[in-house]
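Here is how the chains run, residue by residue.
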Amino acid sequence: MTDQKQSAPRPIIELNAIRKKFGSFEALKGITATINEGEFFSLLGPSGCGKTTLLRIIAGFEDVSGGTILIGGKNMDGIAANQRPTNMVFQSYAIFPHLSVADNVGYGLKKRLPKAALKAEVDKALAMVDLAGYGSRAAHELSGGQRQRVALARALIMRPKVVLLDEPLSALDKKLREQMQHELRALQQSLGITFILVTHDQEEALIMSDRIAVMFEGQIAQLATPEELYRRPVTERVASFIGVMNFLDAKLINEISSGLELDIAALGHVVLPNSARPEGLDAAGIRRVGIRPEMLTVLFDADEGNGNVLEAQVTGTSYYGDMTYYGVLLPGQSEPVTISMRNTAGRSIAKPGSTVRVGWGADSVVLFR
Amino acid sequence: MKWRRFFSINWLLVYAVAYMIFLYAPVILLPLFAFNDGTIIAFPLSGYTTKWFVSLWETEALHGAVSNSLLVAVTTALISTSLGACAARAAARYRFPGKQAIVGFIMLPLVLPEIIVAVALLIMLVQLGLPLSLWTVVAGHVLICTPFSIAILSSAFAGLDQSLEEASFDLGETRWGTFSRVTLPLVLPGVISSLLICFTISLDEFIIAFFLTGTDVTLPVYIWSQLRFPTKLPSVMALGTILLALSVLLLVAAEWFRRRAAARQGQEISTPGGLV
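Protein chains in written order, with my numbering: chain G, 33 to 401; chain E, 3 to 278.
Keep in mind that the hints are not guaranteed to be accurate.
As the list claims (entries may be wrong) - Partner residues are not named here, just some residues of chain G that face chain E (Cβ under 8 angstroms, in silico): (1) A91; (2) F93; (3) S97; (4) A113; (5) N119; (6) F122; (7) H130; (8) Y139; (9) R186; (10) M190; (11) G353; (12) Y357.
None of these hints come from the bench; they were simulated from the model.
Idealized CB from N, CA, C, for every residue including glycine.
Build out the structure end to end from the sequences listed, making use of the hints.
Given below as structure tokens:
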């Protein structure tokens, strides 16, 4: 394998029709997915969607009720958590309270390595997470962020094929969380180890992941890159879970060679290019369309509307400093849509009750059935 | 209004002091007469002596009773704590049908009159045709000590984060290795506390020992038998003093270990669950 071409992604974890039942409750209803070597993969969903259960199944803490898991091509059936090439960073971090930082980090290698070699490995792992020199500290002397790093070092020292992270940042405050998101991502890229992150925070998943599996009620609703997920959500539920989406009723008028002719509420007669049409969507089944808040523009007098312009009424504004969010009632609609605008220099903010012109582009419309 | 508050506080204080005197004055009499140079247990005290302690040392029957009691107490403490640890871990970790009822039944001997338990056990043993011995006493003591053990160990196991054991397992450790490297060190102070409490309870338990023992008597039963001889009374006082000191020492040690367990798990020291 000496060719310099970008190698095709090699699967590290293959999930095949994974099912899990707790009594009569079906937590996972047939999960099939492939996670690649060196990938930052996120399981994203609301609480109770089964994402943590799936992670615990991969780790070996839960049995499956059906389906198979391959890790590195090897069937994990009957292989317990302590024999799997995975290591977990727990939500509570699970730092052993009776051991020092060094003993925590070296826990998994203590019986396998002589003392000097163990110390060298521990020091290396601590340096990796920016905790060099913290080895002799007691567990209770650490801050939340430091505990998180110790938990990470303790997993990484085992040189796992896959690191499993169960909502690792949810206990941290906002500033620290954002910092750790970037650090975790950078560390994962430099190590080239597969990370699987469980999170309910869509922003966190978008920032950190190569690919995201959005889960609802024990099923994967969509598995895609962050950009694909945001731009082309396959269902209304995915669309409203990832960011904000404005929905409008729509109806197919005609299928033409250059695209789809639709009648969309408030926007009127629209021709959408074929590229807007997701794979496998039956055009006759289109009932609704979605437009992201940043794809709509509040036009001020100076602005030129390039083609698609509507008259609409501002119902409310929310000022976020860098952004302003408008609630705008489009003609013939009962519910206002959300429009986000950057507060660039010299731009005024429209007052609630005033009438504005709203611009939009046909290429930003997402189709739903 | 001020005088009323003044009085109410004062009355509370009086009540508290009276209560403490009522509780502990008889106990204080024990060492007082143990060192009193006179056969009759009455005031005024006639002088200081340690001869009652010396006479204890010279009584052969007492030595037998002490070694019997130590055997029973140590065995009871070990069995009760083992059973208690299993029950406490199950109660803290697993959900199963009838859990409340089962735990309730195990804790019942705490509130059952001991004499009832003793008589019931005696009847059962006689029906089964089992000879009375120190082992039947151990069985009875395990019955009344296990609830105390569960009460102590429950707080130790409940404070133990389940993901700690999972983390150890995840890091390649075996189930047994996880128990010895993570679980046991974290609940060990609770285990020691339970051993000490069970030992203490068994050591000075009288009713069950009286009913269930055969020819080998335990210390409390021996003391009771000595009460028939007025001249032996000061020796009994001396023995009581030793037992009292030992009990206090053990209970303080048990509480110290329980608090250390709580501190290790990062809990508030004042969490309820301790016996002292």
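Structure-based check of all given hints:
no.	hint	in the structure
1	A91	holds (6 angstroms)
2	F93	holds (6 angstroms)
3	S97	violated (19 angstroms)
4	A113	holds (5 angstroms)
5	N119	holds (6 angstroms)
6	F122	holds (5 angstroms)
7	H130	holds (5 angstroms)
8	Y139	holds (5 angstroms)
9	R186	holds (7 angstroms)
10	M190	holds (6 angstroms)
11	G353	violated (39 angstroms)
12	Y357	violated (39 angstroms)
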